[in-house]
Amino acid sequence: MKRTIALAAGMAMGAGMALADMVAPADVTYGEYGEIEQSLTGVPGDAEAGREVMITRGLGNCVACHAVTALEDIPFHGEVGPILDGVGSYRTEAELRGIVANAKMTFPESVMPAFYKVDGFIRPGNAFTGKAAEGPLDPLLTAQQIEDVVAYLMTLTD
Amino acid sequence: MTMSTLKTAVCGLALLAAPLAASAEELVVNGEIEMITETEPAAHLDGALSTVRSGWTFRTTETKALQMDDFENPAMISVDNGMAAWNTADGAEGKSCADCHGAMEDSMEMVRATYPKWNEEAGEVRNIQMQIDDCRVNQMSAEPYGLDSRPMLAMEAAISSVGRGQVVDVAIDGPAAETWEKGKEIYYTRFGQLDLSCASCHELNYDNYIRADHLSQGQINGFPTYRLKNARLNGTHSRFRGCIRDTRAETYSVGSPEFVALELYVASRGNGLTVEGPAVRN
Numbered sequence: 183m184k185r186t187i188a189l190a191a192g193m194a195m196g197a198g199m200a201l202a203d204m205v206a207p208a209d210v211t212y213g214e215y216g217e218i219e220q221s222l223t224g225v226p227g228d229a230e231a232g233r234e235v236m237i238t239r240g241l242g243n244c245v246a247c248h249a250v251t252a253l254e255d256i257p258f259h260g261e262v263g264p265i266l267d268g269v270g271s272y273r274t275e276a277e278l279r280g281i282v283a284n285a286k287m288t289f290p291e292s293v294m295p296a297f298y299k300v301d302g303f304i305r306p307g308n309a310f311t312g313k314a315a316e317g318p319l320d321p322l323l324t325a326q327q328i329e330d331v332v333a334y335l336m337t338l339t340d
Numbered sequence: 034m035t036m037s038t039l040k041t042a043v044c045g046l047a048l049l050a051a052p053l054a055a056s057a058e059e060l061v062v063n064g065e066i067e068m069i070t071e072t073e074p075a076a077h078l079d080g081a082l083s084t085v086r087s088g089w090t091f092r093t094t095e096t097k098a099l100q101m102d103d104f105e106n107p108a109m110i111s112v113d114n115g116m117a118a119w120n121t122a123d124g125a126e127g128k129s130c131a132d133c134h135g136a137m138e139d140s141m142e143m144v145r146a147t148y149p150k151w152n153e154e155a156g157e158v159r160n161i162q163m164q165i166d167d168c169r170v171n172q173m174s175a176e177p178y179g180l181d182s183r184p185m186l187a188m189e190a191a192i193s194s195v196g197r198g199q200v201v202d203v204a205i206d207g208p209a210a211e212t213w214e215k216g217k218e219i220y221y222t223r224f225g226q227l228d229l230s231c232a233s234c235h236e237l238n239y240d241n242y243i244r245a246d247h248l249s250q251g252q253i254n255g256f257p258t259y260r261l262k263n264a265r266l267n268g269t270h271s272r273f274r275g276c277i278r279d280t281r282a283e284t285y286s287v288g289s290p291e292f293v294a295l296e297l298y299v300a301s302r303g304n305g306l307t308v309e310g311p312a313v314r315n
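Line by line, the protein sequences give chains A and S. Counting from 183, one number per residue, gives the positions in the first sequence under the numbering used here. Counting from 34, one number per residue, gives the positions in the second sequence under the numbering used here.
Since the hints were made in silico from the structure, they are not lab data. Treat the hints with care, as some may be off.
Facing chain S, a subset of chain A residues (Cβ under 8 Å, in silico) [as the list claims (entries may be wrong)]:
#1 Ala246
#2 Phe258
#3 Val262
#4 Phe289
#5 Val293
#6 Phe303
#7 Ile304
#8 Arg305
#9 Pro306
#10 Ala309
#11 Phe310
#12 Lys313
#13 Ala314
#14 Leu322
For glycine and all other residues, C-beta sits at the position ideal for the given N, C-alpha and C.
Model the full structure from these sequences, guided by the hints.
Right, dumping it as structure tokens:
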């Protein structure tokens, strides 16, 4: 019992800290080329968690479109987007944050979905049910998941 | 030299150079129905595609083979059911389809290649399924099958099967033009939270893999298709629904005016291919 309480308190504190610095999707400031200088949470990204986001269907599922040699153990990488090898060398953290949050700010008309955007969609659905969305949409990834993915991408250096 | 002799000559050369690769890309069903699986885009595509390819060309060798012989094609059981229903009286009028239309092979040969089609009396574009249920209700006083239902797909598959090898040629002008334009607009609309249009996947990215799926051009000349994944016939509108759902969007419903318009437009993108339905897919 004691342990649960301690854990709950810890979680609440973590969430509280993150919330204080969290930038909501509507409040994100994009630079001229679509980059985002400021962290969305103020909490450093966790590359290991970011790796999970990259490969998990219900999360980023980035490998659906991108091949990544470092993720070779995961089957079926897509070919819709460019191979991401070395992207941490030739892109800055701010650029990567911007591309993951809303790739269209960097690549107009891109087919890459915006992972941190909640409005401006045509016939938004309730996840993959085919039914209309009820109430406001959540972004595809949370602010912290974006930071985690960015941290992972920064490890892809040549 | 006509266009087709030119093509034959070119094919002949390709055959000599690489017999295996070329024969793998030739679809001849039952050793007699020659299909056009790749062709020049119609003028109304405005250069959007450099070539028009049947969904068959994107499938694996094993899946392709299943469509080459009716004894291997698992959809043929449904075709038999559809044929039987064609000849069976149903409804209060005590009539069968054959009583009005005669042999399916004769009267239905050009249907699949030309639908969806403007119906003058109804003042709307109709697809085959709408026409089938209209006959059942108004000519036979029978219960409608219901769109994309099993008996409906069996009947559509049978009608498609007798039209195999006919060149798809849906009319997009005259009274159908307005519906076609609407379908085109839907095709290029980016739906849902993933913000993707049909064109994002099937025009800009055909032949690319998206995760484990080899993207085709999303042509419908093979519909209704038998999918090994769900082991049954699948209707065009249900496929559209699935694709829109996968963009995290609210879909339209099967039989909606939006999907009829989209069906006409997508069919017209395949003008010049041959009717292959019922095709086999993974």
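Each hint, compared with the structure:
{"no.": "1", "hint": "Ala246", "result": "holds, 4 Å"}
{"no.": "2", "hint": "Phe258", "result": "holds, 4 Å"}
{"no.": "3", "hint": "Val262", "result": "holds, 5 Å"}
{"no.": "4", "hint": "Phe289", "result": "violated, 13 Å"}
{"no.": "5", "hint": "Val293", "result": "holds, 4 Å"}
{"no.": "6", "hint": "Phe303", "result": "holds, 5 Å"}
{"no.": "7", "hint": "Ile304", "result": "holds, 5 Å"}
{"no.": "8", "hint": "Arg305", "result": "holds, 4 Å"}
{"no.": "9", "hint": "Pro306", "result": "holds, 5 Å"}
{"no.": "10", "hint": "Ala309", "result": "holds, 6 Å"}
{"no.": "11", "hint": "Phe310", "result": "holds, 6 Å"}
{"no.": "12", "hint": "Lys313", "result": "holds, 6 Å"}
{"no.": "13", "hint": "Ala314", "result": "holds, 4 Å"}
{"no.": "14", "hint": "Leu322", "result": "holds, 7 Å"}
In the structure shown, a violation is registered for the earlier hint numbered 4 alone.
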